[in-house]
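Q: Just so you know, the protein sequences line up as chains F and H, in that order.
Taking our numbering, the leading residue of the first sequence gets 1, the next gets one more, and so forth.
Taking our numbering, the leading residue of the second sequence gets 1001, the next gets one more, and so forth.
Hints were generated in silico from the structure; no laboratory data involved.
Possibly wrong hints are sitting among the right ones.
[What the hints assert, rightly or not] Derived DSSO-like pairs: lysine-lysine, alpha-carbon spacing no greater than 30 Å straight-line:
id, chain 1, residue 1, chain 2, residue 2
1, F, Lys-59, F, Lys-106
2, F, Lys-396, F, Lys-342
3, F, Lys-150, F, Lys-383
4, F, Lys-321, F, Lys-279
5, F, Lys-59, F, Lys-118
6, F, Lys-106, F, Lys-150
7, F, Lys-84, F, Lys-150
8, H, Lys-1118, F, Lys-383
9, H, Lys-1119, F, Lys-342
10, H, Lys-1145, F, Lys-338
11, F, Lys-84, F, Lys-59
12, F, Lys-338, F, Lys-150
13, H, Lys-1118, F, Lys-231
14, H, Lys-1118, F, Lys-321
15, F, Lys-321, H, Lys-1119
16, F, Lys-172, F, Lys-84
17, F, Lys-321, F, Lys-338
18, H, Lys-1119, F, Lys-383
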Amino acid sequence: MDGGIISNDLSAMVDDRVADGVFRVDRSVYTDPAIFEQELRNIFEKCWVFLCHESQVAKHGDYFWTEIGRQPVYVHRQEDGSLKCFINACSHRAAIMTPYRQGNAKTLTCRFHGWTYKCSGECIGIKNEEEGTDRNHYNLREIARLDSYKGFVFGSLNPDVGSLEDWLGATKPWIDIIAAQSPDGLEVVPGNSTYAIDGNWKLQCENGVDGYHVSTVHRVFAHTISMRESKGEYTGIKKTEAGRIAGNVATGGYDLGNGHMAIWATHTTPEVRPIWEAKERLEKELPPAQVDWILNRGRNLYIFPNLLLMDNPSTQIRLMKPVSTDRVDVTVYCIAPKGESKTARAGRLRKFEDFYLTAGMATSDDIAALEDTHEGSLAREAKWSEFHRGIDCFTKGADEGAKALGFEPAASSDNWDHEVLFHGFYRNWLKYMNGETA
Amino acid sequence: MSDLQTEVTNLIYRESTLLDRRQWDDWIDLYTEDAVYWVPSWANEEETVEDPELQLNLIYLRNRGGLEDRVFRIESRDSYASVPLDRTVHVVGNVLIEDDSGDEIEATANCVVHTYGKKGSLTRGSLYDFTLRRVDDELRISRKKITFVDDRLEGPIDVYHL
């Protein structure tokens, strides 16, 4: 390893004995600072990580500042329409180059000593430049790899990482059926929210695709919505999926390989989803299986290591930034089909605000639950977290739904209460932690 | 101080007191049936969103039913984030009447909320924009916009934190 960090063999952290009905994870994976540092090196700085959606850097000069692990980087739209991504630090003395998280600048001038760079990263100005200075020596440092899939932009600090398409693998059809929802593409709606969770980043990954908690943690949400509907007023928000939350519908989960995971649940009232207005067009343009998956199944997709894409009554990009072993910053955006009606857009946003925010009526409860999980994990006396539900009744490879949509999961479960998808998450986590590259 | 200034100030004080003392039903009664309750999200470091219908808000409730949802949730004792309930102290100041020429009164105020809960003590600030209307001789809140100055949010945010 570079940087003098010794990679510890962490095989003992994952007790993977599926044949014996056992899958357990040592809770110190959430709490050990040495493991966290190894995650930054071996996962966040070696794999592909999600950076932004291309609509967030639509025009020449648009930039978007984010992090790869804890390293600041920014994506910058070039004059020729391509994207580049740079380490967000001046070549001189490391000051952050972008004044805002998101903005537009055709050149960037460091606000510390005034060094200036073109959009391409080329150093074009050094204040009081000394004779014989080779400016090219000070061009901004581009990250090793940058690629995008259907508008979702990913980067890697690892020059040897495989192709993005291979990395995304079985998640691609899941992204396709989000991207296919508008002929004009998707856009991130103005406004966003960032919240800090006092818990390990992996607990947020788990929570995003944990179907099992829904009927306990979100029971109060379902009751609140039922109460609202019983009064005959939706305050402009049509029915939400009370059935899905109460656990009365068909559900499932997938280990999608490479650490990626997903869950789905049937919509009881698909006609209240904002995408319903596009039904006719979708049916004309797309294969029936895709239309069925788009209209009739709510879906949470986790792309290892830092992205959740939710397509439920509302639609969300959830970006996770690991800060320390006991802290993760999460930023959420509403992503929506360009050109949808104002009614659909407003409905999508109201559902988002109802459920997804730390000021909303469901995500707030998720955060409280996972912060408690983190705190409980400090009890080293009780070592293991159990992930054995559904261990003796999953399908290896694709079930019927996967075959219909055309993806090849490592394992399929026919109930989102099952925890088999987390086996894939932790097997791949262990593989990367022990030095295998994606 | 004018009678109107006193009346407006007392209403705004009353709202904060009812929240801190968890008198939820009395709190809701301060709002008109059609009251809008709006907490915009930050579009960037310097500006909040401006169009609550078509942009993302932290909270946007288009009538009093939305506030009733929140009270139902708190009183259910089934919300993970609301059990145990955080303790709060609102300190309201800078109450100014901006416009009283029409049927409704526009007023602004500042509020600092000290919260104590699982994360320890947190102190956060908001700018309030009120629209007030007289209903049966009593002043009521017909619109409240809360510009919550914090951006990276620590812990859950519910109506009593704002």
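Q: Does each hint fit the structure? Answer for all of them.
A: Hint check:
| no. | hint | in the structure |
| --- | --- | --- |
| 1 | F/Lys-59 x F/Lys-106 | holds (10 Å) |
| 2 | F/Lys-396 x F/Lys-342 | violated (43 Å) |
| 3 | F/Lys-150 x F/Lys-383 | violated (42 Å) |
| 4 | F/Lys-321 x F/Lys-279 | violated (36 Å) |
| 5 | F/Lys-59 x F/Lys-118 | holds (15 Å) |
| 6 | F/Lys-106 x F/Lys-150 | holds (25 Å) |
| 7 | F/Lys-84 x F/Lys-150 | holds (17 Å) |
| 8 | H/Lys-1118 x F/Lys-383 | holds (24 Å) |
| 9 | H/Lys-1119 x F/Lys-342 | violated (39 Å) |
| 10 | H/Lys-1145 x F/Lys-338 | holds (28 Å) |
| 11 | F/Lys-84 x F/Lys-59 | holds (13 Å) |
| 12 | F/Lys-338 x F/Lys-150 | holds (14 Å) |
| 13 | H/Lys-1118 x F/Lys-231 | violated (34 Å) |
| 14 | H/Lys-1118 x F/Lys-321 | holds (22 Å) |
| 15 | F/Lys-321 x H/Lys-1119 | holds (20 Å) |
| 16 | F/Lys-172 x F/Lys-84 | holds (23 Å) |
| 17 | F/Lys-321 x F/Lys-338 | holds (27 Å) |
| 18 | H/Lys-1119 x F/Lys-383 | holds (25 Å) |
In the structure shown, a violation is registered for the earlier hints numbered 2, 3, 4, 9, 13, in ascending order.
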